[in-house]
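Let's have the full structure, built from the sequences with the hints guiding it.
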Amino acid sequence: MPSASHQILSSVSSDHFSSLDSLGVYYAVKFYSSSLFADVKCSDIYRSNSLKLEAQILTTLKGCPNVVKFFGAALSVDNGIPTYNLFVEYACGGSLHDLIINSKRGMMQMSELEVGFYTYQLLNGIVHVHKKGWVHCDIKPANVLVFDNERGGMHKLKLADFGLSLRVGDGMSYMTGRALSNRGTLLYAPPESLTHGFHSKAYDIWSLGCTVAEMMTGYRVWIDCSTKDLQWMIMNEDPMIPTNISEIAKEFLHQCFIRDPLGR
1 MPSASHQILS
11 SVSSDHFSSL
21 DSLGVYYAVK
31 FYSSSLFADV
41 KCSDIYRSNS
51 LKLEAQILTT
61 LKGCPNVVKF
71 FGAALSVDNG
81 IPTYNLFVEY
91 ACGGSLHDLI
101 INSKRGMMQM
111 SELEVGFYTY
121 QLLNGIVHVH
131 KKGWVHCDIK
141 PANVLVFDNE
151 RGGMHKLKLA
161 DFGLSLRVGD
171 GMSYMTGRAL
181 SNRGTLLYAP
191 PESLTHGFHS
201 KAYDIWSLGC
211 TVAEMMTGYR
221 VWIDCSTKDL
231 QWMIMNEDPM
241 IPTNISEIAK
251 EFLHQCFIRD
261 PLGR
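Quick note on the UniProt record's numbering: the sequence shown kicks off at 1 and runs consecutively.
No lab work stands behind these hints, which were simulated from the structure alone. Some clues are possibly wrong.
[As the list claims (entries may be wrong)] Result set (DSBU-like, lysine-lysine): computed pairs, CA atoms no more than 35 Å apart in a straight line:
| # | residue 1 | residue 2 |
| --- | --- | --- |
| 1 | K62 | K52 |
| 2 | K69 | K131 |
| 3 | K62 | K156 |
| 4 | K52 | K228 |
| 5 | K156 | K131 |
| 6 | K250 | K228 |
| 7 | K69 | K104 |
| 8 | K62 | K228 |
| 9 | K156 | K69 |
Since the model is a prediction, treat every value here as computed from it, not as a measurement.
As C-alpha coordinates, this is what we get:
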(Lines of atoms letter the chains of each structure in order from A and count residues from 1; the text may use other names and numbers.)
(Lines give C-alpha, C1' and ligand atoms only; values in the text may rest on other atoms or scores of the structure.)
Protein backbone atom coordinates (compact mmCIF):
# COMPACT_ATOMS: atom_id res chain seq x y z
CA MET A 1 0.00 0.00 0.00
CA PRO A 2 1.49 3.39 -0.89
CA SER A 3 2.20 5.97 1.74
CA ALA A 4 -0.48 8.58 2.29
CA SER A 5 2.29 11.15 2.00
CA HIS A 6 2.32 12.44 -1.55
CA GLN A 7 2.82 15.59 -3.56
CA ILE A 8 -0.16 16.82 -5.59
CA LEU A 9 1.06 17.72 -9.07
CA SER A 10 -2.14 18.64 -10.86
CA SER A 11 -5.90 18.33 -10.68
CA VAL A 12 -7.89 16.78 -13.51
CA SER A 13 -11.25 18.41 -14.25
CA SER A 14 -14.44 16.58 -13.30
CA ASP A 15 -15.45 16.70 -16.98
CA HIS A 16 -12.52 14.43 -17.74
CA PHE A 17 -13.76 11.78 -15.34
CA SER A 18 -17.47 12.60 -15.24
CA SER A 19 -18.36 9.53 -13.20
CA LEU A 20 -16.41 10.98 -10.27
CA ASP A 21 -18.55 14.11 -9.82
CA SER A 22 -20.21 12.77 -6.66
CA LEU A 23 -17.10 11.06 -5.30
CA GLY A 24 -14.47 13.78 -5.13
CA VAL A 25 -11.46 14.92 -7.11
CA TYR A 26 -8.96 13.11 -9.33
CA TYR A 27 -5.33 14.17 -8.83
CA ALA A 28 -2.01 13.39 -10.43
CA VAL A 29 0.48 12.73 -7.64
CA LYS A 30 4.08 11.75 -7.11
CA PHE A 31 5.09 9.73 -4.07
CA TYR A 32 8.00 11.17 -2.10
CA SER A 33 9.63 7.76 -1.75
CA SER A 34 9.89 6.96 -5.48
CA SER A 35 9.66 8.29 -9.02
CA LEU A 36 6.24 6.67 -9.41
CA PHE A 37 3.48 8.83 -10.84
CA ALA A 38 -0.07 7.82 -9.96
CA ASP A 39 -3.63 9.09 -9.90
CA VAL A 40 -5.43 9.28 -6.61
CA LYS A 41 -9.20 9.38 -6.28
CA CYS A 42 -10.23 11.07 -3.06
CA SER A 43 -13.45 11.09 -1.08
CA ASP A 44 -14.29 11.98 2.48
CA ILE A 45 -14.54 8.81 4.54
CA TYR A 46 -18.29 9.16 5.02
CA ARG A 47 -18.98 8.99 1.25
CA SER A 48 -16.27 6.54 0.27
CA ASN A 49 -18.24 3.30 -0.17
CA SER A 50 -17.91 3.42 -3.96
CA LEU A 51 -14.15 3.96 -3.77
CA LYS A 52 -13.78 1.14 -1.25
CA LEU A 53 -15.73 -1.16 -3.56
CA GLU A 54 -13.53 -0.10 -6.46
CA ALA A 55 -10.42 -0.94 -4.43
CA GLN A 56 -11.80 -4.41 -3.71
CA ILE A 57 -12.62 -4.96 -7.38
CA LEU A 58 -9.26 -3.73 -8.67
CA THR A 59 -7.50 -6.08 -6.26
CA THR A 60 -9.17 -9.02 -8.03
CA LEU A 61 -8.36 -7.69 -11.52
CA LYS A 62 -4.58 -7.48 -11.28
CA GLY A 63 -2.49 -8.94 -14.07
CA CYS A 64 -4.32 -7.73 -17.18
CA PRO A 65 -2.45 -5.25 -19.43
CA ASN A 66 -5.74 -3.59 -20.39
CA VAL A 67 -7.05 -2.90 -16.88
CA VAL A 68 -5.66 0.06 -14.95
CA LYS A 69 -3.02 -0.89 -12.36
CA PHE A 70 -4.02 -0.56 -8.71
CA PHE A 71 -1.34 0.52 -6.22
CA GLY A 72 -3.38 0.48 -3.03
CA ALA A 73 -5.44 2.74 -0.77
CA ALA A 74 -4.75 4.89 2.26
CA LEU A 75 -6.49 7.12 4.77
CA SER A 76 -5.41 10.71 5.33
CA VAL A 77 -6.76 13.82 7.04
CA ASP A 78 -7.29 16.83 4.78
CA ASN A 79 -8.35 20.09 6.45
CA GLY A 80 -9.56 18.08 9.41
CA ILE A 81 -11.68 15.74 7.26
CA PRO A 82 -10.85 12.00 7.20
CA THR A 83 -10.24 11.15 3.54
CA TYR A 84 -10.07 7.85 1.67
CA ASN A 85 -7.48 7.79 -1.14
CA LEU A 86 -7.35 5.21 -3.93
CA PHE A 87 -4.12 5.05 -5.97
CA VAL A 88 -4.01 3.88 -9.59
CA GLU A 89 -1.48 4.36 -12.38
CA TYR A 90 -1.29 7.76 -14.03
CA ALA A 91 -2.46 7.93 -17.66
CA CYS A 92 -0.40 10.60 -19.41
CA GLY A 93 -2.66 10.43 -22.48
CA GLY A 94 -5.85 11.24 -20.61
CA SER A 95 -8.93 9.29 -21.65
CA LEU A 96 -10.27 7.78 -24.86
CA HIS A 97 -12.85 10.58 -24.80
CA ASP A 98 -9.98 13.09 -25.04
CA LEU A 99 -8.42 11.11 -27.89
CA ILE A 100 -11.70 11.10 -29.83
CA ILE A 101 -12.25 14.84 -29.29
CA ASN A 102 -8.68 15.70 -30.30
CA SER A 103 -8.96 13.55 -33.44
CA LYS A 104 -12.18 15.33 -34.38
CA ARG A 105 -10.70 18.77 -33.73
CA GLY A 106 -7.70 17.93 -35.90
CA MET A 107 -9.97 16.68 -38.69
CA MET A 108 -8.18 13.35 -38.33
CA GLN A 109 -10.85 10.69 -37.92
CA MET A 110 -9.45 7.45 -36.53
CA SER A 111 -8.70 4.87 -39.19
CA GLU A 112 -10.49 1.54 -39.07
CA LEU A 113 -7.13 -0.11 -38.39
CA GLU A 114 -6.62 2.11 -35.36
CA VAL A 115 -10.16 1.53 -34.09
CA GLY A 116 -9.67 -2.21 -34.55
CA PHE A 117 -6.47 -2.16 -32.50
CA TYR A 118 -8.16 -0.23 -29.70
CA THR A 119 -11.23 -2.49 -29.81
CA TYR A 120 -9.01 -5.55 -29.42
CA GLN A 121 -7.49 -4.04 -26.28
CA LEU A 122 -10.89 -3.15 -24.83
CA LEU A 123 -12.15 -6.67 -25.51
CA ASN A 124 -9.08 -8.11 -23.80
CA GLY A 125 -9.84 -6.03 -20.71
CA ILE A 126 -13.56 -6.87 -20.78
CA VAL A 127 -12.89 -10.62 -21.09
CA HIS A 128 -10.57 -10.42 -18.06
CA VAL A 129 -13.16 -8.51 -16.02
CA HIS A 130 -15.88 -11.02 -16.94
CA LYS A 131 -13.68 -14.03 -16.18
CA LYS A 132 -13.14 -12.61 -12.70
CA GLY A 133 -16.93 -12.50 -12.23
CA TRP A 134 -17.57 -8.78 -12.65
CA VAL A 135 -19.64 -6.60 -14.98
CA HIS A 136 -18.15 -3.12 -15.43
CA CYS A 137 -21.55 -1.44 -16.01
CA ASP A 138 -20.10 1.87 -17.20
CA ILE A 139 -17.83 1.32 -20.20
CA LYS A 140 -17.54 4.55 -22.18
CA PRO A 141 -14.69 6.60 -23.67
CA ALA A 142 -14.31 8.72 -20.51
CA ASN A 143 -13.67 5.54 -18.48
CA VAL A 144 -10.93 4.23 -20.77
CA LEU A 145 -7.42 5.52 -20.01
CA VAL A 146 -4.84 6.24 -22.71
CA PHE A 147 -1.14 5.48 -22.27
CA ASP A 148 2.03 5.98 -24.34
CA ASN A 149 2.16 4.88 -27.95
CA GLU A 150 2.03 1.11 -28.26
CA ARG A 151 2.96 0.67 -31.93
CA GLY A 152 2.85 2.67 -35.13
CA GLY A 153 1.74 5.82 -33.30
CA MET A 154 -1.19 4.04 -31.65
CA HIS A 155 -1.80 3.92 -27.91
CA LYS A 156 -2.32 1.40 -25.14
CA LEU A 157 -5.82 1.53 -23.61
CA LYS A 158 -6.90 0.39 -20.16
CA LEU A 159 -10.33 0.06 -18.55
CA ALA A 160 -10.79 2.18 -15.42
CA ASP A 161 -13.47 3.44 -13.02
CA PHE A 162 -15.00 0.29 -11.55
CA GLY A 163 -17.08 2.04 -8.88
CA LEU A 164 -20.39 0.98 -10.48
CA SER A 165 -19.36 -2.61 -11.20
CA LEU A 166 -21.40 -5.61 -10.10
CA ARG A 167 -20.42 -9.13 -9.14
CA VAL A 168 -22.20 -11.73 -11.29
CA GLY A 169 -20.55 -14.75 -9.69
CA ASP A 170 -17.75 -17.07 -10.69
CA GLY A 171 -18.79 -20.01 -12.84
CA MET A 172 -22.27 -18.64 -13.53
CA SER A 173 -23.80 -18.50 -16.98
CA TYR A 174 -23.09 -15.62 -19.36
CA MET A 175 -26.54 -14.18 -18.75
CA THR A 176 -26.48 -14.30 -14.96
CA GLY A 177 -27.07 -10.80 -13.66
CA ARG A 178 -28.97 -8.75 -11.11
CA ALA A 179 -32.25 -6.88 -11.40
CA LEU A 180 -31.50 -3.27 -10.49
CA SER A 181 -32.19 0.17 -11.88
CA ASN A 182 -29.68 1.18 -14.56
CA ARG A 183 -26.32 1.93 -12.94
CA GLY A 184 -24.19 3.24 -15.78
CA THR A 185 -24.22 6.25 -18.10
CA LEU A 186 -27.51 6.31 -19.99
CA LEU A 187 -25.95 7.07 -23.40
CA TYR A 188 -24.09 3.73 -23.24
CA ALA A 189 -26.75 1.64 -21.48
CA PRO A 190 -28.49 -1.34 -23.18
CA PRO A 191 -32.29 -1.67 -23.48
CA GLU A 192 -32.65 -4.43 -20.85
CA SER A 193 -31.13 -2.22 -18.16
CA LEU A 194 -34.05 0.18 -18.64
CA THR A 195 -36.89 -2.25 -19.32
CA HIS A 196 -35.99 -4.83 -16.66
CA GLY A 197 -33.15 -3.29 -14.67
CA PHE A 198 -31.06 -6.25 -15.82
CA HIS A 199 -27.25 -6.16 -15.63
CA SER A 200 -25.28 -9.02 -17.17
CA LYS A 201 -22.04 -9.41 -19.07
CA ALA A 202 -24.00 -8.52 -22.21
CA TYR A 203 -24.39 -5.02 -20.73
CA ASP A 204 -20.70 -4.35 -21.32
CA ILE A 205 -20.88 -5.60 -24.92
CA TRP A 206 -23.58 -3.06 -25.80
CA SER A 207 -21.53 -0.30 -24.15
CA LEU A 208 -18.48 -1.45 -26.11
CA GLY A 209 -20.47 -1.13 -29.35
CA CYS A 210 -21.41 2.45 -28.46
CA THR A 211 -17.76 3.21 -27.71
CA VAL A 212 -16.47 1.63 -30.94
CA ALA A 213 -19.02 3.52 -33.05
CA GLU A 214 -17.97 6.75 -31.33
CA MET A 215 -14.32 6.07 -32.17
CA MET A 216 -15.25 5.55 -35.81
CA THR A 217 -17.34 8.70 -36.24
CA GLY A 218 -16.36 11.06 -33.43
CA TYR A 219 -20.02 11.19 -32.39
CA ARG A 220 -22.20 9.28 -29.95
CA VAL A 221 -24.72 6.80 -31.35
CA TRP A 222 -27.67 8.73 -29.88
CA ILE A 223 -28.59 12.33 -30.67
CA ASP A 224 -28.69 14.94 -27.92
CA CYS A 225 -32.14 14.98 -26.36
CA SER A 226 -33.94 14.91 -23.03
CA THR A 227 -33.45 11.99 -20.65
CA LYS A 228 -37.01 10.82 -21.25
CA ASP A 229 -36.59 10.86 -25.05
CA LEU A 230 -33.22 9.12 -24.79
CA GLN A 231 -34.72 6.36 -22.66
CA TRP A 232 -37.49 5.87 -25.23
CA MET A 233 -34.98 5.66 -28.11
CA ILE A 234 -32.80 3.12 -26.31
CA MET A 235 -35.82 0.93 -25.59
CA ASN A 236 -37.43 1.23 -29.03
CA GLU A 237 -34.86 2.15 -31.68
CA ASP A 238 -31.55 0.80 -32.94
CA PRO A 239 -28.32 2.77 -32.50
CA MET A 240 -26.95 4.47 -35.60
CA ILE A 241 -24.27 2.38 -37.32
CA PRO A 242 -21.87 4.28 -39.61
CA THR A 243 -22.42 3.62 -43.30
CA ASN A 244 -18.89 4.44 -44.48
CA ILE A 245 -17.16 1.51 -42.76
CA SER A 246 -16.28 -2.02 -43.82
CA GLU A 247 -18.83 -4.83 -43.77
CA ILE A 248 -16.84 -6.58 -41.04
CA ALA A 249 -17.02 -3.47 -38.85
CA LYS A 250 -20.75 -3.14 -39.51
CA GLU A 251 -21.32 -6.77 -38.56
CA PHE A 252 -19.32 -6.32 -35.36
CA LEU A 253 -21.52 -3.38 -34.34
CA HIS A 254 -24.69 -5.25 -35.31
CA GLN A 255 -23.64 -8.06 -32.96
CA CYS A 256 -22.96 -5.59 -30.14
CA PHE A 257 -26.39 -4.00 -30.66
CA ILE A 258 -28.53 -7.15 -30.69
CA ARG A 259 -31.49 -6.13 -28.55
CA ASP A 260 -31.92 -9.52 -26.89
CA PRO A 261 -29.01 -9.86 -24.44
CA LEU A 262 -29.19 -13.65 -24.77
CA GLY A 263 -28.06 -13.30 -28.39
CA ARG A 264 -25.58 -10.48 -27.91
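Going down the list of hints, with the structure as the test:
no., hint, in the structure
1, K62 - K52, "holds (16 Å)"
2, K69 - K131, "holds (17 Å)"
3, K62 - K156, "holds (17 Å)"
4, K52 - K228, "holds (32 Å)"
5, K156 - K131, "holds (21 Å)"
6, K250 - K228, "holds (28 Å)"
7, K69 - K104, "holds (29 Å)"
8, K62 - K228, "violated (39 Å)"
9, K156 - K69, "holds (13 Å)"
In this structure, the one hint that does not hold is number 8.
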